[in-house]
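Please take these sequences and the hints and turn them into a complete structure.
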Amino acid sequence: MSFLEFLMSRWPTILSLTLEHLLIVFIAMVISIALGVSVGILITKNKVAAQIVLNFTNILMTIPSLALFSLLIPVLGIGKIPAIVGLVAYTQLPIVRNVYTGMMTINPSILEAARGMGLTEKKILRTIKIPLAFPAMMSGIRTATVMGIGIGAIAGYIGAGGLGVYIFQGISRSNDQMVIVGAVIISLISILTDRFLGGLQRKLNR
Amino acid sequence: MIRFENVVKRYPGEGADAVHNLNFEIASGTICMLVGPSGCGKTTTMKMINKLIRPTSGAILIDGRNIDTVDTIELRLSIGYIIQDIGLFPHMSVGENIATVPGELGWKKERINARIEELLELVDLNPKVYRNKKPNELSGGQKQRVGVARALAADPPIMLMDEPFGALDPITRAKMQDEFLHIQEKIRKTIVFVTHDIEEAIKMGDNIAVLKAGQIVQLSSPMEILSNPADPFVSELIGGRNSLKMLNLMLCGQIMKSLSPSEGEKARATGHGLLGLKATAQDALSEMLRTGQRFIYVEDGDRIVGVLEFEDLLERASRHGLSQ
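From first to last, the protein sequence lines are chains A and B.
Sequential numbering from 5 applies to the first sequence in this note's numbering.
Sequential numbering from 24 applies to the second sequence in this note's numbering.
Rather than coming from a laboratory, the hints here were simulated on the basis of the structure.
Quick caveat: nothing in here was measured; it's all calculated off a predicted structure.
Where hints are given, some of them may not hold.
Stated by the list, open to error - Short, incomplete list of chain B residues facing chain A, as computed with Cβ under 8 Å:
#, residue
1, 73
2, 75
3, 77
4, 153
5, 246
6, 247
To be verified - Covered by chain A, according to a simulated footprint, are these stretches of chain B (three or more residues, beta-carbon under 8 Å):
#, stretch
7, 98-107
8, 110-120
Said to hold, decoys possible - Across the chosen pairs, the derived CB separations fall in these ranges:
#, chain 1, residue 1, chain 2, residue 2, range
9, A, 139, B, 44, 40 to 50 Å
10, A, 113, B, 289, 53 to 63 Å
11, B, 62, A, 49, 23 to 33 Å
12, B, 79, A, 154, 55 to 65 Å
13, A, 143, B, 48, 28 to 38 Å
14, A, 208, B, 299, 32 to 42 Å
From the three backbone atoms N, C-alpha and C, an ideal C-beta is built for every residue, glycine too.
Listed below in structure tokens is the structure:
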């Protein structure tokens, strides 16, 4: 069977796995961004808390992704839920770190001027700090999302579905075509998402 | 009027007071310069007025009201604030920067827009050109003009200025000082101005408070500081050549001998050197040295109204010098 024939005959499966992959990553990233941005902003209030949180997210990321997912099985079982939890945990570091760094590297005289002029802390956060930290936030989100798409493949291993299923099945059946299709589509999604977020970043920064 | 009553500030973990028992007043509509070396407490003193720093003890009153009893945000919105790094918000346009405080005060859009135009005109920036520019498109001097406009936006009665012209090159700096004094003639704000530059203090101040180790060692007019420094520290800060500096404080128009219109006509015919009413005695001296003449005429518009002689300058400078 040629590669093209393979694609033609399996496209409904390939499409549904792709959509499933996108869905898992999308849900995980929505949660991850909401959590990471909030945590990143919160820890700017306290240096000690910031150190602890940043170290913790750092450790999370150094755990190999396969190990992290496996560790979640006894707690959460298999399926989409542990996959999403794993992805959220895994993509926290770039988001939290970039939000934090973005907020902390704002020129102190800008903040002093804002305070001295009579802006409330809430207002400073909303109109000064977040807009100024936005480019850094966006690049963290971009890194995390691209990572999430890649690591999402491993979620297939714990029964979450997605394109990882195809890769793992391909390996166990020695079916190169399945492996290649899974890997190439994941790569394409990664590249396109990166491009899209990069474009969005430039547009919003203007 | 701003009044300090027994104000003390000690930072936690420090052995000495940053500001020790300050008692003084700043009259409404005047510029009070706080001058002194680094760490003398001048910035701390200023920042206590808008509660960026809270005193350890003592009270600060604005027009008789203890600022402790005033809401912090409300207080700050009623005080213009300008710092050396200006702190313009880089993601906002010039217009949006200026609109910050009026926006907080809930002004109507049309009123804010009109105010932005008015202020940009006041600080000599064409609103059509500059209103929509971002701060990074401006030169240092232009940024500081916007900083001044932003601080004046809601017409606060008080302005705090922390070395506002410190980062500018000497030429731009002198120009900004002159322009600011010109603006102050119109707006008559109560201004607290921190600087480490005694020349700037002498030029800009109605009064100068010289601080040393958290205490005011002398609070008086620039002329008084120059002619009668309270102690060796102040003398050293002034750094000699007081007489020349004093000449800088005297305007030709104030110290000239008046001439009648007919005398003026005669003087005109001589084709001799001329200076304006607002020229300083130092300018006059410099002009005399340049031309080798012992006198100079003073004109008001196109009419010669007075004459200034070398002997007058000599007498003026030494009379002040004698009282040292």
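Against the structure, the hints:
1. Checking residue 73 of chain B against chain A by beta carbon gives a least distance of about 6 Å; that is within 8 Å, so the hint holds.
2. Among the interface hints, the one on residue 75 of chain B holds; its C-beta lies about 6 Å from the nearest C-beta in chain A, closer than the 8 Å criterion.
3. A least Cβ separation of about 13 Å between residue 77 of chain B and chain A goes past the 8 Å threshold, and the interface hint is therefore violated.
4. Checking residue 153 of chain B against chain A by beta carbon gives a least distance of about 19 Å; that is not within 8 Å, so the hint is violated.
5. For residue 246 of chain B, the interface hint is violated, the least distance from its beta-carbon to any beta-carbon of chain A being 32 Å, above 8 Å.
6. With a least beta-carbon distance of about 31 Å to chain A, the hint placing residue 247 of chain B at the interface is violated under the 8 Å criterion.
7. Coverage of a stretch by a chain is defined here by at least three residues with a beta carbon nearer than 8 Å to that chain's beta carbons; for the stretch 98-107 of chain B and chain A the count is 8, and the condition holds.
8. For the stretch 110-120 of chain B, the proposed coverage by chain A is satisfied: 5 residues have a C-beta within less than 8 Å of a C-beta in that chain, meeting the threshold of three.
9. At about 48 Å, the beta-carbon gap between residue 139 of chain A and residue 44 of chain B stays in the expected band of 40 to 50 Å.
10. In this structure, residue 113 of chain A and residue 289 of chain B meet the distance hint of 53 to 63 Å, their C-beta atoms being roughly 58 Å apart.
11. For residue 62 of chain B and residue 49 of chain A, the hinted distance range of 23 to 33 Å is satisfied, since their beta carbons lie about 29 Å from each other.
12. Checked against the hint of 55 to 65 Å, the C-beta distance between residue 79 of chain B and residue 154 of chain A comes to roughly 57 Å, which is consistent with it.
13. Taking the beta carbon of each, residue 143 of chain A and residue 48 of chain B are about 53 Å apart, not inside 28 to 38 Å as hinted.
14. The supplied range of 32 to 42 Å is broken by residue 208 of chain A and residue 299 of chain B, whose beta-carbon atoms lie about 54 Å from each other.
Comparing the model with each earlier hint shows violations of hints 3, 4, 5, 6, 13 and 14; every other hint is respected.
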